[in-house]
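Asks: The residues making up each chain are set out below.
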Amino acid sequence: MTAGPPPLPATPPPRTMSHAFFRSIFRVLPLLLVLSPVNSSSCTMGNKTTEIRVKYENILSHDIEELVNMSAEYRDRCCKNKRHEHNKVFFCNDTQEIGSLQSMACNMLRFFNKQKINKEFRRKAALVSCGTLQVLQCKCERHKKEKVCTQVNAPNNEDTETVEQPKKKCNQEFCELKENISSLRSCWNKFEKIISR
Amino acid sequence: MLRMTRMSTVLSIFILFLHTTFGESGCTSADGDGTFGDDEPDNFDIDCFSQLEFKDSYSSLTCNFTELPPHNTNYTLAVCTKEDSSYLCFNMEKQEDVYFLQFTDILSNKDICVEYEIKRRACRSLIVTDIVKPEVPFDINITYQKEANEYLIHYSTPHSRKKYLKDKLIHQIAYRQEESTWKTIKSPYLQVKLLGKNLEADALYEVKVRSQPNGDYFKGIWSEWSTSKSFRTTGEHSMESYSSMFVIILSIPGFILSVVMIVLILTFWESRIKPVVWPNLPDHKITLERLCKRPKNNFDISFNPESFGYVFIHEVDGIQAKAEQENFLQPPPTPETDIPPKFRSGSDLKRSPARIDKNSLNLSVSYGGIWPAEALHGLFGCSQSTAADVCSSGTYEVCHSSRVPLCDNGFHLPSAPPLDPPGQPGPQPQNGNVVPPNSELKSPSDEEAYVTMSSFYKNQ
Numbered sequence: 001m002t003a004g005p006p007p008l009p010a011t012p013p014p015r016t017m018s019h020a021f022f023r024s025i026f027r028v029l030p031l032l033l034v035l036s037p038v039n040s041s042s043c044t045m046g047n048k049t050t051e052i053r054v055k056y057e058n059i060l061s062h063d064i065e066e067l068v069n070m071s072a073e074y075r076d077r078c079c080k081n082k083r084h085e086h087n088k089v090f091f092c093n094d095t096q097e098i099g100s101l102q103s104m105a106c107n108m109l110r111f112f113n114k115q116k117i118n119k120e121f122r123r124k125a126a127l128v129s130c131g132t133l134q135v136l137q138c139k140c141e142r143h144k145k146e147k148v149c150t151q152v153n154a155p156n157n158e159d160t161e162t163v164e165q166p167k168k169k170c171n172q173e174f175c176e177l178k179e180n181i182s183s184l185r186s187c188w189n190k191f192e193k194i195i196s197r
Numbered sequence: 001m002l003r004m005t006r007m008s009t010v011l012s013i014f015i016l017f018l019h020t021t022f023g024e025s026g027c028t029s030a031d032g033d034g035t036f037g038d039d040e041p042d043n044f045d046i047d048c049f050s051q052l053e054f055k056d057s058y059s060s061l062t063c064n065f066t067e068l069p070p071h072n073t074n075y076t077l078a079v080c081t082k083e084d085s086s087y088l089c090f091n092m093e094k095q096e097d098v099y100f101l102q103f104t105d106i107l108s109n110k111d112i113c114v115e116y117e118i119k120r121r122a123c124r125s126l127i128v129t130d131i132v133k134p135e136v137p138f139d140i141n142i143t144y145q146k147e148a149n150e151y152l153i154h155y156s157t158p159h160s161r162k163k164y165l166k167d168k169l170i171h172q173i174a175y176r177q178e179e180s181t182w183k184t185i186k187s188p189y190l191q192v193k194l195l196g197k198n199l200e201a202d203a204l205y206e207v208k209v210r211s212q213p214n215g216d217y218f219k220g221i222w223s224e225w226s227t228s229k230s231f232r233t234t235g236e237h238s239m240e241s242y243s244s245m246f247v248i249i250l251s252i253p254g255f256i257l258s259v260v261m262i263v264l265i266l267t268f269w270e271s272r273i274k275p276v277v278w279p280n281l282p283d284h285k286i287t288l289e290r291l292c293k294r295p296k297n298n299f300d301i302s303f304n305p306e307s308f309g310y311v312f313i314h315e316v317d318g319i320q321a322k323a324e325q326e327n328f329l330q331p332p333p334t335p336e337t338d339i340p341p342k343f344r345s346g347s348d349l350k351r352s353p354a355r356i357d358k359n360s361l362n363l364s365v366s367y368g369g370i371w372p373a374e375a376l377h378g379l380f381g382c383s384q385s386t387a388a389d390v391c392s393s394g395t396y397e398v399c400h401s402s403r404v405p406l407c408d409n410g411f412h413l414p415s416a417p418p419l420d421p422p423g424q425p426g427p428q429p430q431n432g433n434v435v436p437p438n439s440e441l442k443s444p445s446d447e448e449a450y451v452t453m454s455s456f457y458k459n460q
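In order, the protein sequences belong to chains V and W.
Position 2 of the first sequence, counted from 1, bears residue number 2 in the UniProt record's numbering, the numbering being contiguous throughout.
Position 17 of the second sequence, counted from 1, bears residue number 17 in the UniProt record's numbering, the numbering being contiguous throughout.
Hints should not be assumed to be uniformly reliable.
In silico SDA-like links for lysine to any residue, alpha-carbon gap of 20 Å or less [unchecked claim]:
id, chain 1, residue 1, chain 2, residue 2
1, W, Lys163, V, Lys147
2, V, Lys124, W, Cys48
3, W, Lys166, W, Tyr87
Sample of chain V residues lacking proximity to chain W, with all beta carbon distances greater than 10 Å (derived) [what the hints assert, rightly or not]:
id, residue
4, Lys55
5, Val68
6, Phe91
7, Lys145
Honestly, the hints are just simulated from the structure, not real lab data.
Nothing here was measured: the structure is a model prediction, and the numbers come from that model.
No residue lacks a Cβ here, since even glycine has one placed at the ideal position from N, Cα and C.
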């Protein structure tokens, strides 16, 4: 009596098939992390220093200067007397100026919707942030840039409201924004000197 | 089971690939914005210009069609910006024949799109900073600066108070004189100067200004011309022209005069000017002739004995000088004659061999008398070693004074010539050999005989 081919296994039950299907799908899921577009906050204008410099010198530097002058007009004594411990401190790290500018600009965008701050002032600050991100071709997490900059740069978005009087109440958010503006300005000056060499 | 697994794997990879390719765009249109604008070529042209800081922080974009498509449809112009994963478009507002839009972002690159049908769009890239049209200059002022004779034209631009185009404009100033052709000047500054000499005097001029980006970063087109400003030049230009004519009229005779002077100087330089300016060294003969009286005629000065042929020369043995006291007490018996005293120093002398009376050497000798030997030796340069006859011990007798013969032809001399003052003996020669006059006897005259340097030169 000779041995015949091994018998074919019986058809697996449908429940098992579905499990196999999903398992195969799930194996592919890690590929999503690799092939999906990268939603990182990296900037893409790192090598084009000449273009960054001319845009900064001719346009963005004037906007920053105007914003600094505006912040000087809206003086708040709270900002001079005490320093808020919860304020986020930004450093302009050496060889990482673009990343530092990106962090500062993205952080400034969150003040756009702070109602305690003068509307024109926070609008100008948002314009500077959007301009910085535009020049450096950077993005922010959670699509913060798209949300704010689209609204800020929307055409025919005239400010029909009257200019609000500066808040006399101690405004921590205003102080934070002022400090953020100062850090952004200093970091831009540092970066501009580096790329002008 | 295995087959299904493989199929599911392949399907999931395919789906993932499609998602990666089209997922970020959000749509599947060729333009990426849901329209099919590239299906037909865009056969229309649009001209656009931007105005920075048109109103506060807003800039504006103004466009118009230069060539319309053939089919008459409603068109819509939109400005689109690609923001990361989105493509935002904003429709422009139609104002008569132009389309207008104001915005804040001038950093990002934009597209100008024409929508003429449903989901039909044609886009072109647009760089806002390259099509800048500045605002019109204003407030033109013309000031005349009298001292410099210049017209200072000053104007203003709204961009001086703004951020982007401040000090980044170039201005063109056009001026003309009453319906004549325009002349232009370019300047990056807010003022220019017109020279008065280049303008007509007492004439009416018109000035206007426009601006353009200088091209360093911002580029664009000229702004509109400003409103013209007129001014009238002063009439002092005519005075200046008259003064210039006056100067020219005076300069011509002056030039002619200078030429004449130069010719005269060159002509008379050697003959008249140079002797006065650079006189030659005086000739002694001429100098002495000027100092001394020159005999009028027949004056013959010579040491040549033959010249004195008419002079009686006789030998004198010794010095017959007398004391002054004797002469004073015994005045000379002979009458006085007009013999000038200057002959004491240098009168005509004739040498004749004579003996010296040494005892009388210390006494002075009167004219017509005897000179001391030492004096005469010194006069002729004689020394003890000289063996010439001239220097032999002897006396010399003056026989001629003021052309008055003091020595008689008869070998006698007057005893006392009246030349000397009282006290001085006159000549009293005792012996003397008289040189007979030669054939060249000359009659004595009243003219004085004197020695000139030329005579010395001739005798030597």
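Asks: Regarding the assertion that Phe91 (chain V) does not contact chain W, is the least Cβ-Cβ distance greater than 10 Å?
Replies: About 26 Å separates Phe91 (chain V) from the closest Cβ of chain W, which puts it past 10 Å; holds.
Asks: Non-interface claim for Val68 (chain V): all C-beta distances to chain W beyond 10 Å?
Replies: holds (13 Å)
Asks: Is the Cβ of Lys55 (chain V) farther than 10 Å from every Cβ of chain W?
Replies: violated (6 Å)
Asks: Next pair to validate is Lys166 (chain W) with Tyr87 (chain W); report whether the Cα-Cα distance is within 20 Å.
Replies: Outside the cut-off at roughly 32 Å; violated.
Asks: Taking 10 Å as the cut and beta carbons as the points, is Lys145 (chain V) off the interface with chain W?
Replies: violated (7 Å)
Asks: Given the hint that Lys163 (chain W) pairs with Lys147 (chain V), test it: the Cα-Cα distance must not exceed 20 Å.
Replies: violated (27 Å)
Asks: Is the hinted pair Lys124 (chain V) and Cys48 (chain W) satisfied, with a Cα-Cα distance of at most 20 Å?
Replies: Violated, at about 27 Å.
This entry does not satisfy hints 1, 2, 3, 4, 7, going by the numbered hints stated previously.
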